[in-house]
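Taken in order, these protein sequences are the chains called A and B.
Just so it is clear: in the first sequence, position 339 is 339 by this note's numbering, and no numbers are missing.
Just so it is clear: in the second sequence, position 200 is 200 by this note's numbering, and no numbers are missing.
Think of the hints as simulated: they come from the structure by calculation, not from any bench.
None of the values given here were measured: they were computed from a predicted structure.
There could be a bad hint or two in this list.
Each pair may be met inside one copy or between any two copies, as identical chains are not told apart.
To be verified - Pairs of lysine to aspartate or glutamate, EDC-like flavour, derived with a Cα cap of 20 Å:
1) K25 - D258
2) K198 - E267
3) K25 - E338
4) K25 - E313
5) K194 - D133
6) K7 - E144
7) K323 - E168
8) K282 - E13
9) K312 - D341
10) K122 - E190
11) K3 - E78
12) K7 - E226
2 protein chains.
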Amino acid sequence: MSKYWSKLAASLEPYVPGEQPKDRKYIKLNTNENPYPPSPRVTEAIRKAANESLKLYPDPNGDELRTTIATYYGLKKEQVFFGNGSDEVLAFSFMAFFDPDRPILFPDVTYSFYPVYAELFKISYKLINLNDDFTLPIEQFFRENGGIIFPNPNAPTGNVISLEEIEEILLHNQDQIVIIDEAYIDFGGESAVKLIDKYSNLLIIQTLSKSRCLAGLRVGLALGREELIKALDTIKNSINSYTLDRLALIGAAEAFRDDQYFQTSREKIIITREKVIGELRKIGFKVIPSKSNFVFISHPSVTAGEIYQELKEKSILVRYFKKPRIDNYLRVSIGSNEEMDVFLETVKRIVSQRT
Amino acid sequence: MSKYWSKLAASLEPYVPGEQPKDRKYIKLNTNENPYPPSPRVTEAIRKAANESLKLYPDPNGDELRTTIATYYGLKKEQVFFGNGSDEVLAFSFMAFFDPDRPILFPDVTYSFYPVYAELFKISYKLINLNDDFTLPIEQFFRENGGIIFPNPNAPTGNVISLEEIEEILLHNQDQIVIIDEAYIDFGGESAVKLIDKYSNLLIIQTLSKSRCLAGLRVGLALGREELIKALDTIKNSINSYTLDRLALIGAAEAFRDDQYFQTSREKIIITREKVIGELRKIGFKVIPSKSNFVFISHPSVTAGEIYQELKEKSILVRYFKKPRIDNYLRVSIGSNEEMDVFLETVKRIVSQRT
Chain A
1 MSKYWSKLAA SLEPYVPGEQ PKDRKYIKLN TNENPYPPSP RVTEAIRKAA
51 NESLKLYPDP NGDELRTTIA TYYGLKKEQV FFGNGSDEVL AFSFMAFFDP
101 DRPILFPDVT YSFYPVYAEL FKISYKLINL NDDFTLPIEQ FFRENGGIIF
151 PNPNAPTGNV ISLEEIEEIL LHNQDQIVII DEAYIDFGGE SAVKLIDKYS
201 NLLIIQTLSK SRCLAGLRVG LALGREELIK ALDTIKNSIN SYTLDRLALI
251 GAAEAFRDDQ YFQTSREKII ITREKVIGEL RKIGFKVIPS KSNFVFISHP
301 SVTAGEIYQE LKEKSILVRY FKKPRIDNYL RVSIGSNEEM DVFLETVKRI
351 VSQRT
Chain B
1 MSKYWSKLAA SLEPYVPGEQ PKDRKYIKLN TNENPYPPSP RVTEAIRKAA
51 NESLKLYPDP NGDELRTTIA TYYGLKKEQV FFGNGSDEVL AFSFMAFFDP
101 DRPILFPDVT YSFYPVYAEL FKISYKLINL NDDFTLPIEQ FFRENGGIIF
151 PNPNAPTGNV ISLEEIEEIL LHNQDQIVII DEAYIDFGGE SAVKLIDKYS
201 NLLIIQTLSK SRCLAGLRVG LALGREELIK ALDTIKNSIN SYTLDRLALI
251 GAAEAFRDDQ YFQTSREKII ITREKVIGEL RKIGFKVIPS KSNFVFISHP
301 SVTAGEIYQE LKEKSILVRY FKKPRIDNYL RVSIGSNEEM DVFLETVKRI
351 VSQRT
C-alpha cells in the first residue's frame, strides 16, 4: 500500500478465487469447472470469428446475443443483460439495485463474493443464518430490507429451494428487489425464469462457466423485467461500453443454440454426482443434498483440513474454506467419471488410514 | 426507471459510444478503430486457443500476458496490469486512486468518460480549461488536488504534450497520482513509460484497440510502480477475478510479440494522417495538430453539424460532439487510404457546394 491508494482501495479485502498452482498437473475439483469441453459448435464459431473483424469494436448492445438468449428462455430481448462473467453482472447489480443506507439480506454461508461487493460499494447487509442442516430459513427474508440476494442452489452447500418458496420470498418483498443467483441451477434445480412475467422485483443471474462448459470465455447474464435490465445497462454504460469481446459474444450465442449438447453434458454431471454421493456416504461422509455440480462434504473422524492437504499432495485439488460453520467441510466439484474414480479411491484410502 | 433502481443508478448519465447504425454499410470514421486487420499471428493464436481449454477458468493473474507486456516495455511483471479495455482500467483507476472528498483535475475538453466515472464513483473534480488552441496549460495542474488524469495525446483534439511537460506535472504533484491515458500514444507522441522508474506517482494507461488493431478483443493495460499496480489488483479482485477471457489473453500477448506488424501498421496510419491533414487544410479546414489516429477539424463557413449530417447521408460516419467549445468540430478517424480518399472527395463536394 502507498500514499497514492484511495481510502476505498486501502479498506478492501478482495475475493480469493480457487487456487491454480502451476507446479504440476492436478485433478482440479476446486473451482466448479465442467470436466467436459464446450460444444464443438462453440469452438468452431469462435475460430471462424477470429478474423479481420477484430479490428472493430463489438456491438455495444450485443443485440444478437441478447436475442438468442431471449429466444431460448421465451423472453424479450429487452429482458436480457449480459456481462463479463456472472461476477461482473453481480457487481453491476449491487450498484444498480442496492443503496448504502438500506441493509440488504443474504445468507451467512453463501457465495463469498457478496460481502466483498458490499464492502466495495459500501452497501450495509444483515446475514440470514442458515439452519443447522444448511437449509435456508426463508421466513427470515420476511422483514424490512433494502434488497435480497442468494444463490439457488446455494454455494458452497449445493442446497436448493423450490419455486414455491421463491414465490413466497417475492410476495413478501414486493417493494424490494430479489436477486437469485442461478449459477448452478442447470444441475437439478428449477429456474425461476418462468416467474419473471409474474414478478417485477425478480432478477435472475446465470453464468456460462458451469453448465455450458465455458469458464474460460467469461460470460454471465441477467434476466428480468425490462426496467431492471435498463438499470444494469445504465451501470454498464457508465463503466465500459463493451464488456464482451467479439469472440465471447459469438461463442456464447452458439452455446445457447446447441441445446442438445448442453442437455447431454449436464445430465452426465448429474449422473456422476449421484454416484459420487452414494460412494462418499458409504465411507462415512456426511454429504449435503446437492443440486449443483459440486458436493459439500464432511467426515466425522477426519478433519476437512487434513483431507484437503492429503488430496493436494496426491495432486487432487478441492476447495477448503477456512470459515466459521464450514471449516470442517470440503467443496468437491464433479469432474469426469475417471477423475471422480481417482478422487474416490484416494479419499477412501485417506479415511481408512485414519479411522 | 422503477422503484427498484438504486439512487446511484437513477442519478447516472451514461457514456454514449460512437453510433453503430445497422441500416447499411458505412465508412466508419467515428470510433477511432484501426482500418488494418490485427496481426495474422494474433488471429492464428486465437484460432489455436479456441479449444477444449475454454472449459477452464483463465489464469486469474494473467501472468503470461503481464510478463509479455513487461518484457516489451522493459518493466517488471509486477508493474503491469490489464483489463477489459482501457475503459475498465480507467474505471478501476478512479476507484483505486481517487477519494470523493479531494477534487481531481482533468481538462474541460477531454475523453467524455472521465466525468461519467467521476459521477459514478462520487469523485468531485475541477476542470482545467484548455487554451483557445486546445493546448494544455500545464501550469494549471500545479495546485492542490486529489489526483490528475488526462489523455496524451488528448481526445478528441489530438494534441500532444512533451515528456518534459509531463515531468513538470509529476514534479509539482509528488503527493498525488498523475494518470496519463495513452490510448493514442503510438501514433506520434512519446510515451511516458520511460519515466516510471523515476516517478512513483505516475500511472500510464494504454489500449490495444487503436494502434494494435484489436478494438474487438477488449484489452487495455496500466503500467506503473508495483505499489500502484497492487491497488488496481485489489479493486479488480473485489469485482471480477477474471476480466479477460482465455482468447483475449492469448491474442493480446501475441500482439505484443509481433512488433514488426505493429510498427508497419501504425506508420501507415501516420502517413495517411499527414496526407489527410494537408488536403483538409487546402479546402479551408482548421485542423488541430494531431499525433493520434484521428483529426479534429472545423470549417470556417460550413458548420460541423451540417457536414456530419451530409457525410452520414453519403454513408460516411464521423464523430460530432454537441458540446460546449467543440460544437463546431468533427473528429474524423484515420481510415485506409481508400476510405480517406472517399471521405476527402465527399467533404470537398460538401464544402464547395456551400461556399
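Checked hints:
no.	hint	in the structure
1	K25 - D258	neither (31 Å within a copy, 30 Å between copies)
2	K198 - E267	neither (29 Å within a copy, 58 Å between copies)
3	K25 - E338	within (15 Å within a copy, 52 Å between copies)
4	K25 - E313	within (11 Å within a copy, 59 Å between copies)
5	K194 - D133	neither (28 Å within a copy, 59 Å between copies)
6	K7 - E144	between (31 Å within a copy, 18 Å between copies)
7	K323 - E168	neither (30 Å within a copy, 50 Å between copies)
8	K282 - E13	neither (39 Å within a copy, 59 Å between copies)
9	K312 - D341	within (16 Å within a copy, 64 Å between copies)
10	K122 - E190	neither (32 Å within a copy, 40 Å between copies)
11	K3 - E78	between (44 Å within a copy, 18 Å between copies)
12	K7 - E226	between (36 Å within a copy, 18 Å between copies)
In summary, the numbered hints that this structure violates are 1, 2, 5, 7, 8, 10.
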